[in-house]
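Our numbering puts the first residue of the sequence shown at 44, with every later residue one more than the last.
Keep in mind that the hints were calculated from the coordinates and are not lab data. Hints may contain errors.
[What the hints assert, rightly or not] Calculated cross-link-like contacts (lysine to aspartate or glutamate; reagent style EDC-like; alpha-carbon spacing at most 16 Å):
1. K251 - E231
2. K452 - D330
3. K494 - E258
4. K391 - E417
5. K81 - D70
6. K363 - D382
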Amino acid sequence: MSKEITSREQDYSQWYIDLVLKAGLADYSAVKGCMVIKPYGFALWENMRDVLDKKFKDTGHQNAYFPLFIPKSFLSKEAAHIEGFAKECAVVTHYRLKNDPNGGGVIVDPEAKLEEELIVRPTSETIIWHTYKSWIKSYRDLPLLINQWANVVRWEMRTRLFLRTTEFLWQEGHTAHATEQEAIFETEQMLNVYADFAENFMAMPVIKGVKTANERFAGAVETYCIEALMQDGKALQAGTSHFLGQNFAKAFEVTFLNKENKQESVWATSWGVSTRLIGALIMAHSDDDGLVLPPKLAPIQVVIVPIFKTAEQLNAIFEKIKPLVDELKAKNIRVKFDDGDHKSPGWKFAEYEMKGVPVRIAIGARDLENGTAEVARRDTKEKMSLQMLGLAEKLEHLLSQIQENIFNKALQFRDENIVHVDSYDEFKKALNAKGGFIAAHWDGTSETEEKIKQETKATIRCIPLNNKQEEGKCIYSGKPSVQRVLFAVAY
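Whole structure, please, built from the sequences with the hints as guidance.
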């Protein structure tokens with residue numbers, strides 16, 4: 044199977060597409076720019092969703108659902124917001140079709156034009172803040188901590204499965220607070236939730252920081268982000284959390300009666316991650332033989348492949364292995380016993396390697412006699428013969444080891460690919476040599492940032508939180524600078 048995958052060294056972009064398709068994560072759809080998420084890919088998303096959903100609820104948030112369609116007038120109320128999304132919006136103008144009198148199938152009925160066009164949501168701030176106006180009257184109604192799991196549409200010209208599609212799945216949190224301090228705390232808290240999820244579940248090290256004004260979310264006062272590094276040296280924004288100040292509250296006239304009996308605009312946040320995380324997971328860990336999935340998120344954590352020739356042998360193996368399967372399930376380990384007889388064991392081994400199953404167990408008649416099983420780990424390709432006695436505990440420990448090893452490997456790669464430079468020539472050489480994160484001084488102006496982007500395609504990924512303060516000169520303008528920021532070419 045791996046021979047069907049282009050190597051990373053040959054063509055990293057094609058390697059990624061080959062892997063998404065061959066591993067059965069997604070497929071192209073009849074709608075240009077959209078994708079079909081296949082069961083294995085959706086199982087991966089469900090595991091991500093379930094972990095995040097629990098984290099959200101543990102921090103006091105509740106789930107709700109808001110309309111897919113947004114009246115066009117709503118987007119006009121916050122100027123920076125509409126400017127940021129105007130070029131990506133899909134617009135509904137009519138509500139009915141009819142048969143073409145000339146026999147050309149169905150056509151849009153010109154008599155069914157909407158009085159006001161509807162925007163297919165690119166994000167939900169406007170429809171949600173319109174709703175919050177009727178929900179929030181007093182400080183007793185705050186904080187309002189709402190999350191939504193939904194799909195959104197942002198019209199894309201150049202798409203890539205999971206990383207950038209016209210329609211994608213995500214969650215979007217939208218919260219309202221009585222004070223600026225509470226809203227900022229919420230923004231930072233959710234950034235930390237995302238960072239914890241990325242590192243402890245995705246096994247993907249991230250850098251927490253804030254965006255520059257150029258890269259900030261449209262309508263936000265401050266955008267916090269987590270940035271990850273992919274194996275090709277490009278950065279990927281893995282999550283964002285936005286402090287919106289009172290911008291949306293003022294635009295939609297959302298006020299509350301505070302404890303001093305005075306009317307005040309509420310303070311807001313929004314934050315979200317999407318199915319783009321699946322793309323990040325693939326590119327951070329996988330190899331030329333297929334997916335490498337961290338056990339905590341893998342749809343199948345342990346697969347058992349029996350080696351048999353007859354139904355009697357299969358039954359004997361199943362009877363021997365069933366207590367292990369039951370014990371693993373009792374430990375909430377996702378295990379599959381593959382007793383299918385239409386594919387050879389070798390084919391199954393290659394398939395589960397492609398799908399990134401962390402642990403594979405092979406067991407045949409001789410293993411039954413010896414009370415052993417062959418155990419193979421996906422991350423290192425190591426094979427070992429383990430005693431069946433106490434195997435469930437050993438596998439539980441092995442899964443933890445694999446999770447830790449995958450993270451440490453990605454962390455080492457990330458740290459080895461952070462380069463400090465002090466001149467524009469050094470900057471361009473580092474960028475062309477291997478990419479990665481480049482720590483460099485910047486004069487703080489949008490003009491300099493834009494010129495560097497135009498000339499090199501590198502953007503400021505973030506100003507790291509708790510950034511070390513040091514005197515220096517901007518690599519481009521030579522003007523004074525008090526800190527380094529992280530540049531990279533990004534997805």
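These are the hints, each one checked on the structure:
For the hint pairing K251 with E231, the CA-to-CA distance comes to about 10 Å; that is within 16 Å, so the pair holds. For a cut-off of 16 Å, the pair hint linking K452 to D330 stands: about 12 Å separates their Cα positions. A distance of roughly 14 Å separates the Cα atoms of K494 and E258; the hinted pair therefore holds under the 16 Å criterion. Using a Cα cut-off of 16 Å, the hinted pair K391 and E417 holds, with the two alpha carbons roughly 15 Å apart.
Note on K81 and D70: the hinted pairing holds, with a Cα-Cα distance of about 7 Å set against a maximum of 16 Å. Taking the CA atoms of K363 and D382, the gap is near 14 Å; set against the 16 Å cutoff, the hint holds.
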